[in-house]
Amino acid sequence: MNKNGLKIKVLNGETACGETEFFFDHTHSYIVVGRDQQHCQIAFNASAKDQGIGHEHIAFKRSLGHYQLDLHADHYVEVNGEVPFEEQELRGKNRLKLGIDIHIEVEVIDTRDKVPLVGEPHVQPGKLSRDNKKRLSRIALLSGVIAVLLIAVSASVFRLGDTVETTITTAVNDISKELDRLEQESAQLTQTVIDRVSRSVYLVLVVNDQGGEKPQGTAWVTENEQMATNAHVAAAFNELKRGEHLVVRASYPPYTTHKVTSVLLHPGFDEYLRLWSNYIPTQKSEEGLEVMSTTTPADVALMMVENGDQLSPSIPLATPEELRNLQAGMRVGYVGFPMERLLPGSFKSPAPVAQQDEIIRVTDFFMVKREDNRNRLIQHGLPLTGGASGSPIINAQGKVIALVSAMNAEFNERGVRFANPADVNFGQRVDFLYDLLDRQHERATRALMKQWQQSMELFIPAREGSRDAIVDAVKQIFDIDEFDEKRPFRKSLKVDASNRYTQMTQRFQMPERGLYLFTLISAQPEQKMEVSGASHRISRFALDLPFDDFAAYELVLAHEPGVIELEMSFPNYKDGSEKLNYELSMWHKTLSMDKAHAQLSQAVLQRASGSKRAPTLVQSASLQLKERSGSRFVTGVEIALENPGLYSFLSVPDQYELDALLLDQNNNSLEKDRSSNASGLIFYRHRGPKPQVVKFVVLSEKPDTTAAFSAYFLELSDKE
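Residues in the sequence shown are numbered from 4 upward in steps of one, following our numbering.
What the hints contain is simulated information worked out from the structure, not anything from laboratory work.
Below, simulated DSS-like cross-link-like pairs (lysine-lysine); rule was C-alpha separation at most 25 Å, straight line:
no.: 1; residue 1: K372; residue 2: K453
no.: 2; residue 1: K351; residue 2: K244
no.: 3; residue 1: K351; residue 2: K217
no.: 4; residue 1: K117; residue 2: K64
no.: 5; residue 1: K287; residue 2: K372
no.: 6; residue 1: K598; residue 2: K705
no.: 7; residue 1: K629; residue 2: K675
no.: 8; residue 1: K96; residue 2: K6
no.: 9; residue 1: K10; residue 2: K52
no.: 10; residue 1: K6; residue 2: K117
no.: 11; residue 1: K244; residue 2: K217
no.: 12; residue 1: K497; residue 2: K582
no.: 13; residue 1: K494; residue 2: K582
no.: 14; residue 1: K592; residue 2: K531
no.: 15; residue 1: K629; residue 2: K705
no.: 16; residue 1: K100; residue 2: K12
no.: 17; residue 1: K64; residue 2: K100
no.: 18; residue 1: K478; residue 2: K598
no.: 19; residue 1: K698; residue 2: K598
no.: 20; residue 1: K531; residue 2: K494
no.: 21; residue 1: K117; residue 2: K10
no.: 22; residue 1: K489; residue 2: K592
no.: 23; residue 1: K615; residue 2: K287
no.: 24; residue 1: K262; residue 2: K217
no.: 25; residue 1: K117; residue 2: K96
no.: 26; residue 1: K693; residue 2: K675
no.: 27; residue 1: K497; residue 2: K531
no.: 28; residue 1: K598; residue 2: K615
no.: 29; residue 1: K478; residue 2: K592
no.: 30; residue 1: K675; residue 2: K598
Make the full structure from the sequences, and use the hints.
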């Protein structure tokens with residue numbers, strides 16, 4: 004069978020349809036086996052109940068082309084003779100025993116090409132949990148053995164002095180700590196813990212005097228009759244309109260509502276956003292500079308409410324030591340009010356949901372595992388959607404270790420947000436809440452800013468990185484070490500709030516002939532710049548330079564001194580700013596025009612083809628424009644294109660300006676110089692296989708113009 008999917012064969016037992024072989028392709032994401040004919044894709048006869056087969060006994064989940072087990076706690080299953088774990092991945096053929104004596108064969112079929120393994124394979128969460136339990140058992144056994152030995156030798160070791168006693172005591176303490184850690188990793192959240200926490204979790208809403216209500220997120224009771232939530236949830240208090248109020252509502256009768264009277268947002272939240280927007284950390288990829296994006300740290304706030312003494316009991320917080328010991332694989336859960344794109348519930352009598360999963364990673368906000376315990380980002384597998392923001396993430400003891408803050412999201416073509424299938428979401432470690440409760444948030448933010456600044460310096464600042472990449476690329480094209488002159492102009496521009504764009508024009512005096520590079524960076528992305536006028540002969544070229552994502556630039560070859568005008572355009576963003584800061588720089592290098600154009604022609608040829616090979620000079624000549632054609636003077640040259648590939652045709656006049664055309668033997672136009680440059684530059688792809696003769700024609704409004712001509716060729720591979 005060459006189809007990809009899951010093949011299931013019933014080895015013994017009778018199915019309701021009488022069939023014994025089933026196949027489910029990639030469109031079946033969830034396959035249930037049991038006795039319920041309405042809900043099961045493979046249903047056994049009712050008599051299978053005597054064999055211990057449940058209504059919905061077991062299911063197989065498809066995820067990224069793999070299949071995982073979805074187990075029912077009350078139904079017995081063996082996989083290849085062993086008791087399986089939740090979400091265990093199946094590979095190849097597997098023999099499953101269901102209940103007392105029902106056997107099926109499950110085969111995963113995937114004929115697609117396999118990629119080489121990069122790095123170590125991911126450990127399945129269920130396997131990690133099971134392995135931890137095995138380690139716990141082994142250590143418990145070892146602890147018992149040591150205890151027996153202690154009793155057996157206690158009568159003798161006291162004579163050896165304190166050294167032996169201290170060594171044994173230290174070993175026992177170390178084992179005790181390891182036992183405590185493993186117990187935390189393998190512990191499950193009980194219903195008692197969830198019920199206790201749920202009574203202290205409240206729905207956050209914006210209500211108005213007309214009875215309208217809009218949910219904002221989740222909050223919960225913490226120390227001193229205060230509510231904890233995310234900064235981006237509590238920020239709604241500062242954005243209330245006339246007649247609006249921010250409230251929290253209990254999740255149990257009589258569903259008491261408390262009005263929020265004040266909020267305290269962690270200052271690190273806004274400070275990080277300011278730092279990030281000024282720096283915009285990026286890293287290089289094949290496509291360009293990619294922004295290093297992560298969830299915003301310090302997304303934590305306190306809310307004070309009316310009648311705080313009537314709130315439910317506060318939820319205990321994890322201790323600093325418990326926070327230091329957080330590890331991947333530990334079982335955690337949250338209680339909150341996720342609502343986005345879910346069936347709506349009643350805001351008047353809200354019912355929170357509870358979810359459980361495991362910690363995936365504990366890092367800083369740049370995805371780095373630090374040695375100094377500043378790992379305040381909890382990455383977990385808890386399913387999230389809008390409304391869960393601010394929910395408490397708890398351990399098995401019901402202590403808060405973090406606050407839900409963000410989910411990994413994607414957007415479809417209509418802009419609708421949905422959860423990333425990787426199912427890795429984010430929480431803010433409860434340290435940020437300690438900063439607020441202890442009123443140490445200002446001091447803590449200063450220390451955090453130093454840490455964030457150091458972390459950002461590991462990345463490339465977007466604007467300056469793009470500008471420097473452009474300058475380096477131009478240096479490489481024209482084979483120069485340094486520019487003769489660099490003149491930066493840092494200015495502020497008043498934002499034109501009445502239009503979508505703020506525009507301005509700036510004039511530059513170019514005192515010498517040669518190469519001029521203009522670069523523009525600003526606080527706003529997507530700024531644009533172009534030459535709008537010039538008082539002398541110039542050649543300007545649009546190049547696709549690597550890593551130019553966050554800067555605008557113009558490359559100009561000035562054939563003579565003069566003045567140039569640049570028009571800049573900045574999109575307006577409604578952030579309340581009245582002024583926009585930008586930096587416009589002019590870089591100059593005196594060069595021979597013939598050589599500069601030749602270097603540029605070859606560089607553009609390489610970039611157009613995507614090849615790194617050096618082009619070959621096919622033909623060169625000096626063209627005299629003496630023949631009149633209408634109102635212009637014209638001349639041309641025939642070139643035989645022998646080989647398939649990409650060709651460039653360049654003409655550089657000694658004075659005046661010219662245009663260029665590329666014609667076939669019947670004088671039909673093939674390509675033309677689409678710019679208003681002083682020089683003429685045309686690219687043409689000859690596909691072959693036969694040779695082709697073309698005519699390169701130059702035209703000028705001035706008589707006696709002389710133009711240097713050159714043609715280059717670059718052979719393309721099959722991929723190019």
